[in-house]
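*Asks:* Listed below are the residues making up each chain.
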Amino acid sequence: MPNKTFFWFFLPTGLAMILFIGLPIISTGIQSFYAQHDQVVKEVKKCDPFGCTVSIVVDNEETTKIRDAKPLGKFNGFGTYTDRNHLAVDEIKKFWNETESFGAFVDQVTNLPFYKALIFTLTYCLFVTPNVLLLGFIIALSLNAVARKIRGPLIFGTILPMIVTPLVGSLVLFWMIDSQGIIGANIQNLMNDPYLSLKSSKTLTWITIIIYGIWHHSPFAFVVFYAALQTVPQEPIEAAIIDGASRFQRIKHIVLPHIYPVVTFVALISLMDNFRVFEPIIGFSAEGSAQSLSWLIYDNLVNEEVILFGSAAATSMMTIIGIAILLAPVLIRTWKEFKTAR
Amino acid sequence: MDYGLDTKSTRLKTFNTIFIITWLLIACFPFIWTFWGSFKVRADFFSRSDWWYAISAFNTLVETGGKFTTNAYTEAWTEGEFWKASKNTIIVTVFVVSISLFLGTLGAYALSRSTEKYAFWILMIALIFRAMPHITLVSGYLFPFFELQIWGILPTTIVVLVAINQPFTLWLLYSFFKTVPKELDESALIDGCSYFQAFRHIIMPVMWPGVITAGLFSLMLAYNDFTVTALLLNQENHTMVPKIQSYLGTNQHEGNLMWAVSAVVSATAPLFMLVMFFQRQVISGLTAGAVKG
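If you read the protein sequences in the order shown, they are chains Y and C.
Following my numbering, the numbering of the first sequence begins with 902 at its first residue and continues without gaps.
Following my numbering, the numbering of the second sequence begins with 5 at its first residue and continues without gaps.
Some hints could be false.
[As the list claims (entries may be wrong)] One-sided and incomplete, this derived list gives chain Y residues near chain C with beta-carbon spacing under 10 Å:
(1) F976
(2) L1023
(3) I1060
(4) D1079
(5) Y1199
[To be verified] Restricting the straight-line Cα-Cα distance to at most 27 Å, the calculated cross-link-like pairs of lysine-lysine (BS3-like) are:
(6) C:K121 to C:K17
(7) Y:K1237 to C:K17
(8) Y:K966 to Y:K995
(9) C:K182 to Y:K905
(10) Y:K1240 to C:K71
Derived from the structure by calculation, the hints contain no laboratory data.
All of these numbers come straight from a predicted model, not from anything done at the bench.
Positions of the beta carbon are idealized from the N, C-alpha and C atoms, including for glycine.
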């Protein structure tokens, strides 16, 4: 296709992506170097028959004036990145000097908001992704073994957790495992502990969200693996059966190598999706004990008093860097393949 | 082809059946349970004292005189203004699907027929864009949108959702158009058609299977979106998913849980129907990127 024709065909979609994905990333980058204005305060002298008191109040008029003049806020350089709510450089230095043992230092650092969120996000990715691959593969194998006639409805039932939005999916589960829900109430009765609930324990909350993640993402892995299983050639499997290979050996030496490229694809997609975990935290109302990077950004953006654009943007930029690190191996590999293909 | 070589032992078959039944229970029971509970009163569905209330409908009987009640639905749809939210969802979904298919088919067709290097790079950039967490993009939108005073209205959200949706649509339709033989449109070009005429008369009639799949995924994205709609729309224009979240209540105001339950059922039911009808397309779409390469 000639370049000119290509240009006109691609213009609308390219424009949409540049304007609403490319530019926002740049806008986020710029915003991250600015911080909201401080409120202008003035001293007010109040005198009554008993004497004068000086109090400090917010000068709303002046504050609005400054905000209107420079809506982006004041230039802060890398200040937002290094403050307590983000990389917390000073705090970490202080902890390093003050704490005696390394364990205490790690403890202190993981209590800082950004590191707390980073650790939750990574833990979530680390536990959900492999389990999704495993469970999806097992379901695919086992559905592949049932009679073709009843597979349709079974597949429909299997993909339900995936097609609902994460907020709805997590709510539906939360209403069951909450202390007033069917599972939660029964566990309380079984354990004979009326205070046992999701919200009371950080570990329980984390486990619940991770289980939710596996529940929500496994169907995707299942669908892809199931489709890949249909393309596995039959001849080598039959040869293996005649040679006396066990079922497990057949899966390990024939099926798995055949669907290996698909496994990397599923792992990549679910890693990308898991890294942005955010809605389940709202669905499970788990803000208290589990925060993710995306949730931090959301929290800054729905701030009641003044939206913390700068802070949200700084977290966003670091999230994007995280995504870039995750994607780097794939991109490098594709680039190498592309170069050798030419 | 099965020659009966791969015989399974009965033990394995039983184990397999048990596993599938267990998994289906885990996958589907939460939805069935929520559907069942949406016809009860709050004291039954969220009962601390006795979970059996949810089955026996003790409080529902006391409060409404029947074992099932549709109060939660009527209240959420009228008082809770869920009708408005569903109207907004329909508007957003219809526009997002039609616009993204229009843009996507043109772009993906061009990508699939281009032999230049930049087509590869565009696809790679689209992949990177696909990986961007939506919330990071929203943090980029909010400030400019406030300044331009286009925050809170439906058209802005529609355009944003279309753009966010483009990378995936492009990839999906790209791999679909690759399966349409090049010779089809090339012969039309030789006969003197322009590229656009070839697209209009040769490609359009055969592209519907791919377009339906891509449309379904755009629909699911627009219908299910929370991040963008919750932050870019004002209270008046909220679509269904942010509306459900607002029923949950915050520290400042108490929500109405039963409204949320009935709203969840109302929002999920159409989606399930749709997937039931188009199951084949959904599955082929999910596997398009993976199996075809």
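*Asks:* What are the numbers of the hints the structure violates, in ascending order?
*Replies:* Violated hints (numbers, rising): 1, 2, 6, 7, 8 and 10; every other hint is consistent with the structure.
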